[in-house]
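Student: Chains as they are written, first to last, in our numbering: chain A, 10 to 316; chain B, 10 to 316; chain C, 10 to 316.
Everything labelled a hint here was simulated from the structure, so no lab data went into it.
Take the hints with a grain of salt, since some may be wrong.
If several chains are the same, the list does not tell them apart, and a pair holds so long as it fits within one copy or across any two.
[Said to hold, decoys possible] Pairs of lysine-lysine, DSS-like flavour, derived with a Cα cap of 25 Å: (1) Lys211 with Lys33; (2) Lys46 with Lys11; (3) Lys213 with Lys244; (4) Lys268 with Lys47; (5) Lys163 with Lys190.
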Amino acid sequence: MKFKGRDVIDINDFSKEELLYILKTAKKFDPAFVKSKKSNYTIAQGKIAALLFFEPSTRTEQSFKSAAQKIGMGIIGFDDPEATSMHKGETFEDTIRIMDAYADVLIIRHPEPFSAKRAADVAQIPVLNAGDGPNQHPTQTMLDLYTILKTFGKLDKLKIAMVGNQKHYRTMHALSAAMFKFSGNKIYGISPKGLEMPAEFKTKNYEDVTIDMRKLNQTLAEIKPDVVYAGRIPKEYMKGDISKYTYQMSIKTMEFLPKHCIIMHPLPRIDEIDPNLDTHPNAIYFAQARNGLYIREALLSLVLGRI
Amino acid sequence: MKFKGRDVIDINDFSKEELLYILKTAKKFDPAFVKSKKSNYTIAQGKIAALLFFEPSTRTEQSFKSAAQKIGMGIIGFDDPEATSMHKGETFEDTIRIMDAYADVLIIRHPEPFSAKRAADVAQIPVLNAGDGPNQHPTQTMLDLYTILKTFGKLDKLKIAMVGNQKHYRTMHALSAAMFKFSGNKIYGISPKGLEMPAEFKTKNYEDVTIDMRKLNQTLAEIKPDVVYAGRIPKEYMKGDISKYTYQMSIKTMEFLPKHCIIMHPLPRIDEIDPNLDTHPNAIYFAQARNGLYIREALLSLVLGRI
Amino acid sequence: MKFKGRDVIDINDFSKEELLYILKTAKKFDPAFVKSKKSNYTIAQGKIAALLFFEPSTRTEQSFKSAAQKIGMGIIGFDDPEATSMHKGETFEDTIRIMDAYADVLIIRHPEPFSAKRAADVAQIPVLNAGDGPNQHPTQTMLDLYTILKTFGKLDKLKIAMVGNQKHYRTMHALSAAMFKFSGNKIYGISPKGLEMPAEFKTKNYEDVTIDMRKLNQTLAEIKPDVVYAGRIPKEYMKGDISKYTYQMSIKTMEFLPKHCIIMHPLPRIDEIDPNLDTHPNAIYFAQARNGLYIREALLSLVLGRI
Chain A
10 MKFKGRDVID INDFSKEELL YILKTAKKFD PAFVKSKKSN YTIAQGKIAA
60 LLFFEPSTRT EQSFKSAAQK IGMGIIGFDD PEATSMHKGE TFEDTIRIMD
110 AYADVLIIRH PEPFSAKRAA DVAQIPVLNA GDGPNQHPTQ TMLDLYTILK
160 TFGKLDKLKI AMVGNQKHYR TMHALSAAMF KFSGNKIYGI SPKGLEMPAE
210 FKTKNYEDVT IDMRKLNQTL AEIKPDVVYA GRIPKEYMKG DISKYTYQMS
260 IKTMEFLPKH CIIMHPLPRI DEIDPNLDTH PNAIYFAQAR NGLYIREALL
310 SLVLGRI
Chain B
10 MKFKGRDVID INDFSKEELL YILKTAKKFD PAFVKSKKSN YTIAQGKIAA
60 LLFFEPSTRT EQSFKSAAQK IGMGIIGFDD PEATSMHKGE TFEDTIRIMD
110 AYADVLIIRH PEPFSAKRAA DVAQIPVLNA GDGPNQHPTQ TMLDLYTILK
160 TFGKLDKLKI AMVGNQKHYR TMHALSAAMF KFSGNKIYGI SPKGLEMPAE
210 FKTKNYEDVT IDMRKLNQTL AEIKPDVVYA GRIPKEYMKG DISKYTYQMS
260 IKTMEFLPKH CIIMHPLPRI DEIDPNLDTH PNAIYFAQAR NGLYIREALL
310 SLVLGRI
Chain C
10 MKFKGRDVID INDFSKEELL YILKTAKKFD PAFVKSKKSN YTIAQGKIAA
60 LLFFEPSTRT EQSFKSAAQK IGMGIIGFDD PEATSMHKGE TFEDTIRIMD
110 AYADVLIIRH PEPFSAKRAA DVAQIPVLNA GDGPNQHPTQ TMLDLYTILK
160 TFGKLDKLKI AMVGNQKHYR TMHALSAAMF KFSGNKIYGI SPKGLEMPAE
210 FKTKNYEDVT IDMRKLNQTL AEIKPDVVYA GRIPKEYMKG DISKYTYQMS
260 IKTMEFLPKH CIIMHPLPRI DEIDPNLDTH PNAIYFAQAR NGLYIREALL
310 SLVLGRI
């Protein structure tokens with residue numbers, strides 16, 4: 010396994026062993042596992058991360074900025090592409106090459122699929138994909154895996170109920186594919202009719218569960234999942250009786266679930282999760298977000314060859 | 010006295026002894042008192058400050074960013090709430106919790122009163138109030154106190170003429186209340202009629218001096234203050250003969266004041282102070298702004314438990 | 010030679026010896042010359058650079074931010090003057106003075122000529138001019154000199170063909186003047202009619218070469234330059250048959266040039282250089298941009314008195 014100088018573009022570029030190595034490395038940045046108070050700021054001092062956010066994404070940007078600085082890096086970049094030279098007619102490739110000249114690693118967010126790959130093709134330094142439209146967001150998938158591993162101590166023989174928009178949600182597509190690398194997992198894709206996962210993203214361990222969302226609790230009670238992974242249902246795609254697509258997990262939902270079942274969500278949440286659930290010990294979506302810090306500290310350290 | 014982990018929301022939450030301890034700590038960051046050239050960047054390396062500016066405030070934001078980095082911290086956050094997930098419908102509380110996950114201290118500026126308190130209620134890490142609308146801006150008050158202490162070596166038995174809008178100016182309200190904690194101080198609130206300080210903010214040592222502002226110099230000559238604290242007069246609230254509300258301190262004003270009297274202003278100033286006064290040794294408003302750095306370095310170090 | 014505390018406003022403020030010293034210092038930050046992997050982040054830890062960008066300039070801003078952080082500095086400032094207190098009516102001078110209070114060096118970009126000088130007049134800390142409209146951009150000129158020196162090991166007895174808008178291009182004006190400080194250089198200012206360099210910027214070693222730009226290759230073949238310095242031709246200033254002003258250097262152009270001739274460009278480029286030229290070893294415009302990092306690291310270290 011070699012990580013130094015490597016691009017992180019697509020979760021599928023990583024073998025099961027590589028993913029496990031990354032997750033293991035993330036533990037070194039997680040206070041839950043590291044009792045020493047030693048800080049990590051000496052890991053990459055003097056190195057620069059360029060964050061090129063061609064579309065806004067608060068939590069991904071803030072998490073990467075925090076992670077980079079926690080290991081001692083400086084940060085440059087932009088989160089408003091209007092502010093760049095691109096408005097003077099500069100090409101995407103030239104923008105990438107100039108930032109490549111000023112930095113040691115590029116972190117790119119862009120609304121178009123495969124833009125991170127295009128960036129990696131011209132950059133000499135490692136490129137981390139922070140979301141390329143509907144396509145990939147590999148550090149999100151890695152932090153999801155890390156959260157599951159941290160909870161259960163394993164990534165196999167688990168039942169995951171993914172609830173919400175299976176069709177357009179790259180997070181659901183990628184997590185499902187990643188869990189398929191590990192044995193014995195079963196994914197239940199719970200969605201209203203019309204938002205089922207497209208065939209090209211379905212793995213053998215994936216099962217459609219198309220329901221009226223008013224019956225979510227009963228459906229979960231039948232599945233008995235280890236993880237409920239909730240996401241937004243885009244009402245703009247739905248027609249007719251909107252209540253069929255409306256669901257909200259709450260403290261009540263927990264009664265229908267196994268005692269050990271955790272609730273995950275990539276955030277931001279809107280109505281999918283009632284704030285009264287937030288204080289439940291199994292509602293770990295904010296801890297899940299924090300796990301993103303450790304994954305990103307680990308990845309930055311690895312691609313810079315500092316671990 | 011315990012500062013580690015503490016929120017800094019309201020100047021009135023701090024006892025006289027606590028305030029003096031903070032001011033004493035600030036001296037450790039002030040080259041006027043520390044002759045050693047030792048830098049402070051090792052104090053909080055690897056720690057992250059999240060600056061959540063829901064409304065712009067150049068000098069407060071820049072001062073906090075400088076202070077945080079001077080003690081080695083990294084910085085994340087935003088100064089344009091439009092750029093955050095809140096436009097996707099995320100609640101204020103969720104935004105606070107997600108930033109709480111990524112940082113070690115939160116610094117919040119918000120146009121609504123008590124928003125810093127709301128943030129502190131959900132955040133697990135210390136929250137510093139960088140101004141919650143008309144309510145509080147405790148680090149401004151602390152730097153005002155520090156500036157007075159640095160000049161006179163004491164915070165009691167002083168006469169302070171606060172000139173300008175007493176009614177809407179949180180800086181005036183809070184400074185007056187803070188000086189009341191120390192003995193023998195007298196505050197003169199000089200304002201045009203209609204801009205007197207509201208009764209709920211008045212302390213026993215506060216005296217209204219309602220005047221036609223064209224008579225400011227004579228009034229100051231009678232008071233013989235140790236400190237003139239100037240602020241903006243909002244002409245938008247005034248009616249009729251506007252010249253009655255127009256005052257401008259200038260080099261001429263100094264002739265009416267005791268030789269030792271200093272001129273303070275929270276800045277930015279518009280017409281209240283003629284630039285010809287800037288070079289006078291008693292015009293210390295830019296030095297006052299710089300004192301804000303030392304107060305903020307001290308507070309960050311204290312709430313992080315690093316001093 | 011004394012650099013500590015010095016302002017960097019105009020390339021003409023520096024003697025030949027001072028320029029050579031700056032270029033020599035830049036080598037210490039350039040991996041091409043420094044084989045040690047020792048990082049430079051200890052040089053200026055705890056120091057703060059304030060970047061005041063009153064107009065956007067991606068690469069200059071990013072390059073300064075990278076350089077400052079590579080030597081350990083923190084950064085504050087703004088790149089959207091709307092976000093500053095200036096919209097509250099604060100003067101330029103007050104904005105400078107307040108940032109002066111919070112930082113250790115000011116880096117200013119402003120659309121108006123001599124604004125950097127105005128800033129230096131009120132600031133107590135060193136001011137670096139990052140471009141004051143049509144006037145000066147001294148770090149650009151220094152990185153141009155550095156790139157030439159790095160390539161040829163000398164700055165004299167060279168032929169430079171500057172291609173494009175000689176009239177409005179401060180980069181051309183300043184590079185020409187700077188090369189005149191060194192002996193035996195010859196500058197050919199190749200432009201369409203109407204875009205010749207104004208008389209006040211012409212040095213004795215400068216020669217106008219006014220041509221139909223369709224004849225660029227033949228003209229270059231006659232000149233046999235060591236350096237081609239390309240820049241944008243502003244079509245908005247041109248009338249009539251636009252093709253006369255249209256030129257594009259490409260891989261084909263190299264056949265007309267001496268084998269050792271390098272192609273420089275301050276970037277961003279639009280149509281002046283065909284991307285098919287990018288991979289040619291003599292096309293060094295992205296390396297040239299990277300050289301800006303070393304110049305800026307050197308200058309910041311010098312004016313802070315840390316080298």
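Student: Where does the structure disagree with the numbered hints, that is, which hint numbers, in rising order?
Tutor: 1, 3, 4
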